[in-house]
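Chains as they are written, first to last, in this note's numbering: chain F, 1 to 350; chain Z, 1 to 350; chain B, 1 to 350; chain X, 1 to 350; chain S, 1 to 350.
Hints may be right or wrong, so weigh each one.
Calculated cross-link-like contacts (lysine-lysine; reagent style DSSO-like; alpha-carbon spacing at most 30 Å) [what the hints assert, rightly or not]: (1) Lys159/S to Lys291/B; (2) Lys291/F to Lys347/X; (3) Lys116/Z to Lys52/Z; (4) Lys116/S to Lys315/S; (5) Lys116/S to Lys48/S; (6) Lys291/F to Lys291/B; (7) Lys291/B to Lys116/B; (8) Lys40/F to Lys51/F; (9) Lys144/B to Lys315/B; (10) Lys157/X to Lys58/X; (11) Lys48/X to Lys157/S; (12) Lys159/F to Lys40/F; (13) Lys51/S to Lys116/S; (14) Lys163/X to Lys150/X; (15) Lys48/S to Lys347/X; (16) Lys291/X to Lys348/S; (17) Lys348/Z to Lys163/B; (18) Lys116/Z to Lys315/Z; (19) Lys291/Z to Lys347/F; (20) Lys315/X to Lys315/F; (21) Lys347/X to Lys347/S; (22) Lys347/B to Lys348/X; (23) Lys52/Z to Lys347/F; (24) Lys315/Z to Lys315/F; (25) Lys345/X to Lys164/S; (26) Lys291/B to Lys315/B; (27) Lys150/B to Lys345/Z; (28) Lys315/S to Lys144/S; (29) Lys291/X to Lys345/B; (30) Lys48/S to Lys58/S; (31) Lys291/X to Lys144/S; (32) Lys164/X to Lys52/X.
Label-pair restraints from in silico Cβ distances [as the list claims (entries may be wrong)]: (33) Ala117/S to Gln236/X: 15 to 21 Å; (34) Thr38/Z to Tyr181/B: 45 to 51 Å; (35) Thr94/F to Ala25/Z: 51 to 57 Å; (36) Glu132/S to Tyr181/F: 53 to 59 Å; (37) Pro318/S to Ile332/Z: 48 to 54 Å; (38) Thr49/Z to Tyr53/B: 50 to 56 Å; (39) Ala25/Z to Ser46/F: 54 to 60 Å; (40) Glu200/S to Glu69/B: 39 to 45 Å.
Quick caveat, the hints were computed from the structure, so don't treat them as lab data.
Keep in mind it's a predicted model, so treat the numbers as computed, not measured.
No residue lacks a Cβ here, since even glycine has one placed at the ideal position from N, Cα and C.
Chain by chain, the residues:
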Amino acid sequence: MPRKKLVPPKKSSLVEKNNAFHEDAPVEIEVVVFDENTVKSELVGSIKTMKKYIDNEKINLVFVNNLTEPHIIEEFGNYFHIDPLLMEDAVSVTDIPTVQESGDQMLLTLKLMSFKASGELISHHIGLILGEYYVIVFKDSENKIFEELKTRIENSKSKSRMKKPDYLFYLLIDSVIDTFYSVVNEIDNIIDRMEVILVERPQSDYIHNLYRIKQPMSEMRGIIYPIREALHNIVQGDYRLIEDETIPFLHDVKDHMNNIVHMFDSSRDTLSDLLEINNSNTNNRLNGTMKILTIITTLFIPLTLITGIYGMNFKNMPELSWQWGYPTILGIMLLTAGGMYLFMKRKKLL
Amino acid sequence: MPRKKLVPPKKSSLVEKNNAFHEDAPVEIEVVVFDENTVKSELVGSIKTMKKYIDNEKINLVFVNNLTEPHIIEEFGNYFHIDPLLMEDAVSVTDIPTVQESGDQMLLTLKLMSFKASGELISHHIGLILGEYYVIVFKDSENKIFEELKTRIENSKSKSRMKKPDYLFYLLIDSVIDTFYSVVNEIDNIIDRMEVILVERPQSDYIHNLYRIKQPMSEMRGIIYPIREALHNIVQGDYRLIEDETIPFLHDVKDHMNNIVHMFDSSRDTLSDLLEINNSNTNNRLNGTMKILTIITTLFIPLTLITGIYGMNFKNMPELSWQWGYPTILGIMLLTAGGMYLFMKRKKLL
Amino acid sequence: MPRKKLVPPKKSSLVEKNNAFHEDAPVEIEVVVFDENTVKSELVGSIKTMKKYIDNEKINLVFVNNLTEPHIIEEFGNYFHIDPLLMEDAVSVTDIPTVQESGDQMLLTLKLMSFKASGELISHHIGLILGEYYVIVFKDSENKIFEELKTRIENSKSKSRMKKPDYLFYLLIDSVIDTFYSVVNEIDNIIDRMEVILVERPQSDYIHNLYRIKQPMSEMRGIIYPIREALHNIVQGDYRLIEDETIPFLHDVKDHMNNIVHMFDSSRDTLSDLLEINNSNTNNRLNGTMKILTIITTLFIPLTLITGIYGMNFKNMPELSWQWGYPTILGIMLLTAGGMYLFMKRKKLL
Amino acid sequence: MPRKKLVPPKKSSLVEKNNAFHEDAPVEIEVVVFDENTVKSELVGSIKTMKKYIDNEKINLVFVNNLTEPHIIEEFGNYFHIDPLLMEDAVSVTDIPTVQESGDQMLLTLKLMSFKASGELISHHIGLILGEYYVIVFKDSENKIFEELKTRIENSKSKSRMKKPDYLFYLLIDSVIDTFYSVVNEIDNIIDRMEVILVERPQSDYIHNLYRIKQPMSEMRGIIYPIREALHNIVQGDYRLIEDETIPFLHDVKDHMNNIVHMFDSSRDTLSDLLEINNSNTNNRLNGTMKILTIITTLFIPLTLITGIYGMNFKNMPELSWQWGYPTILGIMLLTAGGMYLFMKRKKLL
Amino acid sequence: MPRKKLVPPKKSSLVEKNNAFHEDAPVEIEVVVFDENTVKSELVGSIKTMKKYIDNEKINLVFVNNLTEPHIIEEFGNYFHIDPLLMEDAVSVTDIPTVQESGDQMLLTLKLMSFKASGELISHHIGLILGEYYVIVFKDSENKIFEELKTRIENSKSKSRMKKPDYLFYLLIDSVIDTFYSVVNEIDNIIDRMEVILVERPQSDYIHNLYRIKQPMSEMRGIIYPIREALHNIVQGDYRLIEDETIPFLHDVKDHMNNIVHMFDSSRDTLSDLLEINNSNTNNRLNGTMKILTIITTLFIPLTLITGIYGMNFKNMPELSWQWGYPTILGIMLLTAGGMYLFMKRKKLL
């Protein structure tokens, strides 16, 4: 993981909302068709070409990148007999994560979070549709997290080769959830670094830095809580397409998500504490400033009064003509300063 | 969307409570009667005329504007056999959104929110009654949001032409919910602009501006949460008039409402953060002021003491007659100022 | 509604706890016996007289004022076969509102809230017992809110004349709930007036005024939430004495209570905001004071130093004998003041 | 109730945790055996003697004081066939209140709270075991609250004489719950007195006094909430030993507990408000101090500058030789002071 | 329990996350095989050797220390027919405590918390797998808390010798839960000491000390709440391997956990209060400082003005030549100081 700068970047938010697929990028469809014995993987440019590869006797894993054009969405949905409402939600990048079942399909929408090299956090939409003989993945072309999974499928000994599409569905979810660990860890690191700064350099106000962390965490909460709930629903719910033997695996993913939420909540607690500490630092700085002002004033003002008295122009001020008047007064001033010093000592100012 | 002023208007609340239909405006009834083959749309001035158009073999969409006169309410309710309690709630503009079923009708009350050109947020009451062969819409005459829907119905290929009234009911709800997106977005924009101001111009206190946003959001929460719950009840509840095949559409509307609530909650979180930042800005301003005061005092008070000493009128002050007394003292004063500067440097005041 | 003073009265609480019936006032019993055809209304002084009027073939509405004497309570309870525990709760003025069923009776305890002319809020206990052929109302003699209901019953066309006692029970509840609207509205007005004061005259601290509103609202919450729950229980619960056809009416009352709670919660939110604004005002006042102090000090202290320097009595201070020394120094002082002014401008103090 | 001192005692907590029975005090067993016709009451020193009095044809009320010795606990438990786990919980003074059923017994553990003469709040453990023909009460010997109940049982007309042990069980619970009213009332009084102090003497900080009340309330919450829940469980639960006809009595006790919790919560709300008021008082004191400082500085510093100017020793200062120079300058100083006064007036400082 | 230092150590967190078994330490397996008549206890170095001792006719208690090597995990899991997912969770040290059942096994993961001599709090992972004829304990080799349990088993009269493995499972849980009491007690002590410091020495800011306690408590909450829930699930759930007669014992453990959570929550409340007190102390210190500043300024500035006036060099200042001018002015200065003193007295500054 690349080292982040100690203080997060000046941008107001760590999360760059990536609320649209790459609109200018062309639709890309990648088809991986496999069964126990064979694997075939193709990158195709159109739905027409895709149809040639789909084989409903085998398991079909279809990656669809950058799908934004309405008529292609419709054509694609028609081919797989996907309910238009479900299809719309599958490619809608602004919605919160959720799980739905409709007819012969089941849809789970997720978000993928990752840190950019510049230290910003970005979120990508991912839609997974599970059908009788296929799993369709809607994603952004930039998104490479399923590469490793493809490699595993190509290995003929992979467990997924002998299982139904719902096991593949589980593997895809698992790949996404795994990425949250590193994000939550990175946030934990950023917060730890802020803590060190707050304790070691209490002279500055870090409110803006702290809120630059808090804002994306607030958005993240809106992502990881719904995902946890969606996974909970899958495990509890009686989804027709999920085989009983796949439930323990999904249960395990749900437990991972639970751990992530737990780590995240713990980070949020710490961040709240840091805000309090920052606040306390501000108050202490004010206290420190006022103490200095008070000490200086208390020490010098009485002395200034004394000099004022002997600066008066009265004709008849006998002290002025005394031989030792001046050193006596200087002595008195020293004694006054000492007295003030003791007074402040007693008042716990020093 | 029209640009809003950077700082919201001075009025105490962004929401102008429109808690009454246009009382001086006359009741207007608009009837749209249609089936698969025909559409007839009429604007009528009385219930008597209305009765001529209603055809219980077809679907009747009845818009009732500005209904406030008790005897017309009663007459209207009697014609459609609406329970008086239900009828009362349908036209009661102060109640919170809710769903009820009574006898052969089902009532859903909603609020329509919109920004006025002046930047104020206003809410309008909308009551929807679904019956066997009709949907009645109680609204304010100003309210034009269903125009587009009427145009769609007039199109003979519209899906709504082949469906039952419950599908029309769904379309009406959908039209209302859609308007919330722009309101929530606009609030998000206002908050974003406030955030920029708070970060860039921390010299002022924006508490009143922030509460001018917070107040209407507090009222909005009292509208969108009950609407979400009402939609949830419709989807879950076993309402006799809602066909099974319409449920997925209502489910979709409920999910939209969920997203709106989610966006709204996120805005509220941000607003809370802004209040904290504003608070922190205030403390920092105080800190800054105190620092200047302390620096000035610390630098000048000791020097003033020195001038005071040599302003004393003692006869016997040898320094006064020294040739280089004056420049020496000026030098000492410079050294003192330098010492104070270092002292403040060490105390992290500079 | 009488105008309240702008700032609430100095008393620590707006709610005067009226936790006892008028003990010195004599027990008063008022009996209204009616059926579809006849109404008879009598004010009697003793239970013995009362018995003569009670007719268990008709509906008996019995108002009992100021019932505190134990043996009368027992005698009364025995006559109507009321369970002693239920009877005790019916006249117990300190308990929170609740609903109970015991044997052939059902008890609902409520509180009546009202503003005194002096602007104070007082609460009165009301106990309603519903039996087979009667409804008993325990209340304070001062309490006149059921007068209008009595008049309506005397009207031979009144719906209540043709219904069972449970409908009468509903009408009584409705009369009580209606009074809450004006109380909640009045609180809303008081809060609105406080808001205007806080925004227009931020120079004072209103913490005590605000808490004088907050305290009674805290007590009110302890009344309206339990009432809402009691009504909810009546609607949900399977109470033997409540006919199915009365449920929609009670449902309607419950919805009214919901609206009241909603309005009340909204007022509490606003009050919280006002407390924050008041707090912010206090901080801003401090900031303002400190700014003035800093400006005055910054402008005058350096000038005072200059005068101090030329007030020193060194023999050899050439500037003193210059022809234009004095005006030059005055000029330097003006320049210094100008410099300080610019310095403060840059530090955003002015 | 004895008058408490206005400000609570300096001890850090009002609750003295009495987390052990009087260990040095000897075990005391008091047996009250009764049926409809006879009552026999004995104070015995050992379990052996006790056995002679127990009569399983009658109702046996057994008070056990200061039971801490393990072998006596075992012997006692064996005699009544009490499950060791239940027996252990019955005498365990540190646990939170709870209800359990095991075999033929049912255990309810409670806490008794009371104010000591010195104004401190102490809590005592009470364990109640209900069996077929007996109720056993584990308590501290100091604890005299059941004396009145014993007297009532000795009265041959007492209802308890004709009922089963579960009614006795109810009476014992009722005796304990009743004591909470006075404790909650006393807390309410202490808080009311603090409120008066806070409003009338805002010059001091009462944070430590307020937390000295808050701490024991926090501990009390840990007692009264579990008791309410335990009573709720008894009423709801299907406990074999509780007869149906005793349920309404226990329901009544539960309602009392509800009222106590309600009063307690209301006190806690008020205490929170007092903490806020105290906080606000502190801020206002700071504001007041700063105002004085600013007024004094603003009035005197400019005048001091004027005297500084005419204290300079320039040769050529024509004003100094003017006949009316001195009174003119005094006049100018008065005008300056007046100007500063108006300036502060405008800035709302005065 | 060793005395802790009054102020906790400077480390940022009291909890040292021990999120890995001792990786460099070798796997150690300890087998205790027993039935009513015989006990055999062996420390073995490999799974192969272990297999010789396991006797599925008896109860097998297997302690596995430092298990981190994947192939040993697999081999171990295969031997006991443990589901790989369950096995993975059993040795996964980062997960939150939970209970699961899979096939013929049941897994409970716990954390053991303890204070190091240096005053730091550390947490260790413990995994318990209950099978038909065995209980497996995964732990760290450092962990000695089950030593006492082993000794008890070796005693031929031990109850565990006559029971099924689920009773052993209960004993193991009980041993772990017991250690929480001392940890919670120690935290309570640390907080009590902090309270004393805060009250007795309010001159310092203890925010960092308080957060050094708060942070580990936040992490502890993430451990003890899930454990309570896991125990609750075991008691409620219908786990095949838990005999009905063991439920009361587990219920007892759950009640202990409830008490621990209750004590912990109470500590957290107190800590919150301490943070408030600390905050209040800071404000009071500021108030104190400002008071001194104001007193000094108010007393001396007016006197300085007087000396300034009589330090002016006007030719015509008659007072200067008066015989008693000087003492008169000194007298006036004393009176002014007295007046200022009275002024501050009235303003409650002194």
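Taking the hints in turn, this is what the structure says about them:
no.	hint	verdict
1	Lys159/S to Lys291/B	78 Å, violated
2	Lys291/F to Lys347/X	27 Å, holds
3	Lys116/Z to Lys52/Z	38 Å, violated
4	Lys116/S to Lys315/S	83 Å, violated
5	Lys116/S to Lys48/S	36 Å, violated
6	Lys291/F to Lys291/B	18 Å, holds
7	Lys291/B to Lys116/B	46 Å, violated
8	Lys40/F to Lys51/F	14 Å, holds
9	Lys144/B to Lys315/B	96 Å, violated
10	Lys157/X to Lys58/X	17 Å, holds
11	Lys48/X to Lys157/S	28 Å, holds
12	Lys159/F to Lys40/F	17 Å, holds
13	Lys51/S to Lys116/S	36 Å, violated
14	Lys163/X to Lys150/X	15 Å, holds
15	Lys48/S to Lys347/X	89 Å, violated
16	Lys291/X to Lys348/S	13 Å, holds
17	Lys348/Z to Lys163/B	83 Å, violated
18	Lys116/Z to Lys315/Z	82 Å, violated
19	Lys291/Z to Lys347/F	22 Å, holds
20	Lys315/X to Lys315/F	20 Å, holds
21	Lys347/X to Lys347/S	20 Å, holds
22	Lys347/B to Lys348/X	23 Å, holds
23	Lys52/Z to Lys347/F	92 Å, violated
24	Lys315/Z to Lys315/F	12 Å, holds
25	Lys345/X to Lys164/S	87 Å, violated
26	Lys291/B to Lys315/B	41 Å, violated
27	Lys150/B to Lys345/Z	83 Å, violated
28	Lys315/S to Lys144/S	96 Å, violated
29	Lys291/X to Lys345/B	23 Å, holds
30	Lys48/S to Lys58/S	19 Å, holds
31	Lys291/X to Lys144/S	65 Å, violated
32	Lys164/X to Lys52/X	22 Å, holds
33	Ala117/S to Gln236/X: 15 to 21 Å	49 Å, violated
34	Thr38/Z to Tyr181/B: 45 to 51 Å	47 Å, holds
35	Thr94/F to Ala25/Z: 51 to 57 Å	38 Å, violated
36	Glu132/S to Tyr181/F: 53 to 59 Å	35 Å, violated
37	Pro318/S to Ile332/Z: 48 to 54 Å	37 Å, violated
38	Thr49/Z to Tyr53/B: 50 to 56 Å	55 Å, holds
39	Ala25/Z to Ser46/F: 54 to 60 Å	57 Å, holds
40	Glu200/S to Glu69/B: 39 to 45 Å	57 Å, violated
This entry does not satisfy hints 1, 3, 4, 5, 7, 9, 13, 15, 17, 18, 23, 25, 26, 27, 28, 31, 33, 35, 36, 37 and 40, going by the numbered hints stated previously.
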